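Engineer: Sequence:
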Amino acid sequence: MEKVASSRTVTYLTIALGISWGVGFVLLITTSLFFLEKRAGNKLLDMIALAEPGTKLETIKGQLGVPMRVENDVEKVIEWGPFKNKQFCIGKKLHSFYAVTPTCRAIDIYTDANDVIVTATWHQL
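For reference, each letter of the sequence shown is one residue, going 1 to 125 in the numbering used here.
Honestly, the hints are just simulated from the structure, not real lab data.
Treat the hints with care, as some may be off.
Derived lysine to aspartate or glutamate pairs resembling EDC-like cross-links, with alpha carbons at most 16 Å apart [what the hints assert, rightly or not]:
(1) 61 with 46
(2) 86 with 75
(3) 76 with 52
For clarity, every value in this text was computed on a predicted model and none was experimentally measured.
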């Protein structure tokens with residue numbers, strides 16, 4: 001009878017150990033994802049802070065990530081950009097940069113004809 005009780009105890013302990021390892025692994029993954037999300041969000045906010053209105057785009061272009069597209073045509077600016085107001089988009093260029101991984105975010109910068117930043121925003125890819 002003692003062997004059966006001992007065998008059950010070992011089985012229960014093994015199951016408990018497996019569950020605790022599983023829970024620990026899930027917590028580790030969840031914590032890692034939250035850390036990466038926070039880090040990506042901070043990086044994105046830093047990039048938007050760099051893109052202050054009135055700044056020449058050329059002075060910060062190297063710090064914004066990989067360029068994805070530049071649109072000059074009003075219809076393309078409206079199509080690809082977050083602002084759909086035609087009056088706002090007239091005379092503006094849209095510069096999109098692939099900014100943050102692993103959460104795949106892009107920063108959109110609107111400039112005037114002289115490449116001076118008017119406004120900056122971001123979107124999820």
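Engineer: Tell me the hint numbers this structure goes against, listed in increasing order.
Structural biologist: The structure conflicts with hint 3 only, although it agrees with all the remaining ones.
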